[in-house]
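*Asks:* Residue numbers (the numbering used here), protein chains in the order written: chain R, 1 to 304; chain D, 1001 to 1293.
Be a bit skeptical, because a hint or two may be false.
[As the list claims (entries may be wrong)] Covered stretches of chain D (chain R as the covering partner; in silico rule of three or more C-beta atoms under 8 Å from a C-beta of chain R):
no., region
1, 1099-1106
2, 1117-1131
[Unchecked claim] Result set (DSSO-like, lysine-lysine): computed pairs, CA atoms no more than 30 Å apart in a straight line:
no., chain 1, residue 1, chain 2, residue 2
3, R, Lys277, D, Lys1073
4, R, Lys99, D, Lys1256
5, R, Lys54, R, Lys36
Calculated directly from the structure, the hints in this document are not laboratory data.
From a predicted model like this one, the values you see are computed outputs, not experimental measurements.
Even glycine gets a Cβ: it sits at the ideal position worked out from N, Cα and C.
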Amino acid sequence: MKRITIAATLGLGFACVAAGTMMAVAQAPSKLHNSKVTTQYLEPKYEQIYLKLKRRQILEELDALLSPVQLKHEITLSVEEGDESCKGPNSYYSPEEYKLRLCYSWFDFLENEASVEFKRNPGEPFTDLTPGLVPGFTRAEVILGGTVGVTLHEMGHAIFHIQGIPRLGREEDAADMIAGFMMMQFGSSVALTTIKGTYNVWHHFNALDLHNNKSVPSPAAEADVHSLSGQRAVNFLCMAYGGDPATFNQLADALLPPVRKPNCANEYHQADIAFRKTVLPDIDQELMKKVRAMKILRPEDFKL
Amino acid sequence: MRYGVTITGFVVTLIWLAVPGTPSLAQEQTNQISIVYEEPKKADYRPIYDRLKQRKVLETLQQFLSPLKLPRKLTVKTGECGGNPFAPYTPGGPVTICYEFVALVEQAQPPGQIGAIGPQLITREMAVVGPFVEEALHDVALGVFDMLEVPVWGRAEDAADYVAAFVMLQFGTDVARKTVFGTAWFLNVLDIALRNSSNTMSNVNYLDAVRPTVRQRYYNILCIAVGSDPIGFSVLLAFNRTPAISDLPLERECTKSEEYQQVKDAFTRTILNPYVDPGLLKQVQSTQWLKDD
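With the rest of the complex left out, here is chain D (with noise of 0.2 Å):
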């Protein structure tokens, strides 16, 4: 799981995390997320702690999953992982967004204003937001397979990243596109620094691990965003040049939009259908939720 490496080169940045505001919803009493900012331990974290705290995160969160039918009680809560910004899930246990991968998103920033993968541009807000916004939906979408016995077939961590970019994509083209391309900026820089550090890359610790790797979670992510939508998420295909590693390769036959359509099928009759309220769901989905801020 841990993938062992620290990322180097990276300028720390202190902007604050570009996630929304929390948005006004009445039926918050519906709500089965609770949320715990737990204090770190290292004193590095504790500004990341209080940007965290100060923009009710978790609270946005929760709202967000309001919708969400649960048999009791899901704790989703920020803290420190042991060094590990993917700390796996414990089953039963509560769901953890690691200040380790908060600091790593941080290092992975754009150095200026603006980055690209490939022809897509990417601002600092997305690079935050992105990665931020998968991470949390895919720590939960395991801890909800979990509690509600959630048939999975296949890899329960892509079936999370899965899970997460379907949902990503479903609140409109400019959350989708923030969230996707945010996401992808992250693990191509995770990806690039793993591929240049010394042997990560035929290390069975990382190759073999619960999660799969960086490249193959920027490949799956981006498959389910380009089969939902092939021509707004076409620049990462390379059409009439010549394929770069970001390149979403064209043999993976993604425009077929046949795993989208696998992962849409699967998530509304395992989640959707049985287990959100229709009603709370309109209101979160007419909610606007990354504010440009």
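So that you can see chain R by itself, here it is in the shape it has in the complex (with noise of 0.2 Å):
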């Protein structure tokens, strides 16, 4: 299926976070900028993480990478301690404040819980309920991934916000799917490794809910504001697979309900009206082409 490639202007790139080996290369802060963004690095309790971040640039990253929406207000981006909301592993857009909050608490959540393998007994087989690493994926799929995911679905909490884009669909939806819209319009390896890691992400987060609630969602968990995590999982790979079947027909094939694989392209196909209706007029061209020109993902942030 065809990709608006103009999405590529408010993506990713900002993902590595993790070992100290991809750490040792510093990149050069990217020259573009968006004069309604902030970017701040506070509270280093995490210290490692916080040293980390910010050596890799994340903030200036991500800034850059919004330098062609032509915001309609100021935005701060923030990575820190937080307050309650950042106590578990999370993330949050704070429309009030118009300030975008990456929390140390979720960065640490990906290294040592969602990317580490779980201990089986042999010949244990993973399944539904097995937290960690998914078989086949890798420590550095869902640290990037899960770096990208999170930021761009509060990204996109922070687009709807300020751009004022109507939301038919559940706000939470809303922003996955943007999020999961914009991982596939950086080429077929860029996606394959962030949706691998949302969907480790999620996996790993509905296994969790699953053991508490004897493998079946609780009635408080379908009440509320997010789609369950088994939920939030298919949703990112299904959106992966409408959008580029050749490259995730294998994962689609072993992780996709057959209720649901066909309905895929349908889903990307709205998403990709959404974009086109409600974002794309407030993007510069030419900004666009310069952001498509950044490196992404970079061979250095593999190195875990």
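From these two lone chains plus the hints, build me the complex, please.
*Replies:* Quick look at the structure:
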């Protein structure tokens, strides 16, 4: 399926946060900048993560990637310890403050939980109830994809709010949808890494949810503004398969429910229309070309 | 998409679908909805087909949707869906209200004249009209999204439920209560039946289908209703009592109306303003749609 390359303006890059090897290569800051964007790194309680993120210039890169967007309001991008909302693995956008908070706790979770292989007994199969690293996935994919996924999700909330974009569906699914769509605009390699990582993160949460509730979703979880963790994993993969069936066919065969797979092209098409009609009008085309020339995921990002 | 379960234990009732008679409107020519009652092959559905046709259900829907400005005809039909009450909409295709769905609604009616969800009483009329209206509006919404290329962020099935709920709330208190509580009854009964079935709730073909889970739909629709009228729909908020599964959790914060306002804003900007004739809409809004029959 044809992709909207313009979406690349909003994308990723800023992904790697993990191990020291990749951080040994300092990157020059991008010269692209959105005048409406302020960045800050706060409260280095998680000192190692703080240093990694700052050295990788994750926020500066996000700023650069936002540069083609004609934002209707200033926004602050912050990596911080945050308030109560950052206690668990989380990140969030605060519309009252026009502030996107990436919590250190999220990166800590990626490095030390979601990307770690769960110890199983000999012969014990990996199931929906098994947390941690999904067999066939890599630790780097989980950390990179989990970072990109959460950042684009929160950036989705921010763009919806700041640009006043109508959302007919549920807000949290809308943010997942724009995040997944953007992951697909940087070529199949980036798409594969980020989608796999994001899938793994939500598979991990789903396993924990199911453990805590006798293998079925609780009504409380069904009442939440977020979709169920397992649904979020499938939503991302379905979007990817719908947008690039050749790249994702194998994963889709293995991980998508048969009833869902035939609808994935429609789901990608839906996001494509929504992006073209609501986001694209506020994109500067010239700046977009420069952003598209940026390296998104660098080789050193994978040396974990 | 397919829920993949058969609800057993309900008495299949034979009462007529209590959808309203056909209101008279002068501007029928402007209608872009074409309708078809497809004859069922399965004999079990013949009575449903006859009732729907006799009651001019699709004609009523056609007139209700007459203010909608579409570039071409959108066909809405009743038909068989291969055993699936919630058959997915196929882009470019007709909107199909499944006989299987109607049969399921009939099975889910209160065993007596009156049922209840928590403290809310539900009449059989509500239990039939509510889910039918919701499903019809939901299915049409999907067809309209497709035909008009409406920008939909978030899952289309949720958006279709949101639009259906929002529309149901725009025609006075009586229509709102009948349709919302009736839909809630149906979804509540269906969800409980699913939970009582052996393994549906852990089946990915149910959990990760195109549609959200039944209980998610239940909470989503109620949240829009509560956001529209927190007092009028407060009966399903567990104030000063132990919450039941049918109560909309207070943690969802639906009384803040944020979800309702989001849907209202999106519907107004993407459908109402560009694609609804205001003059015809006034006529539709002044029509009594759900008569007490």
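*Asks:* Are the hints correct? Go through all of them and say.
*Replies:* Here is what the structure says about each hint:
1. Restraint check on the region 1099-1106 of chain D versus chain R: 0 residues with Cβ-Cβ distances below 8 Å, three needed, restraint violated.
2. Figure legend: the region 1117-1131 of chain D, annotated as covered by chain R; annotation inconsistent (0 residues with Cβ-Cβ distances under 8 Å, at least 3 required).
3. Among the hinted pairs, R:Lys277 with D:Lys1073 is consistent with the structure: their alpha-carbon atoms are about 23 Å apart, no more than 30 Å.
4. With a C-alpha separation of about 22 Å, the suggested pair R:Lys99 and D:Lys1256 falls inside the 30 Å cut-off, and the hint holds.
5. For a cut-off of 30 Å, the pair hint linking R:Lys54 to R:Lys36 stands: about 20 Å separates their Cα positions.
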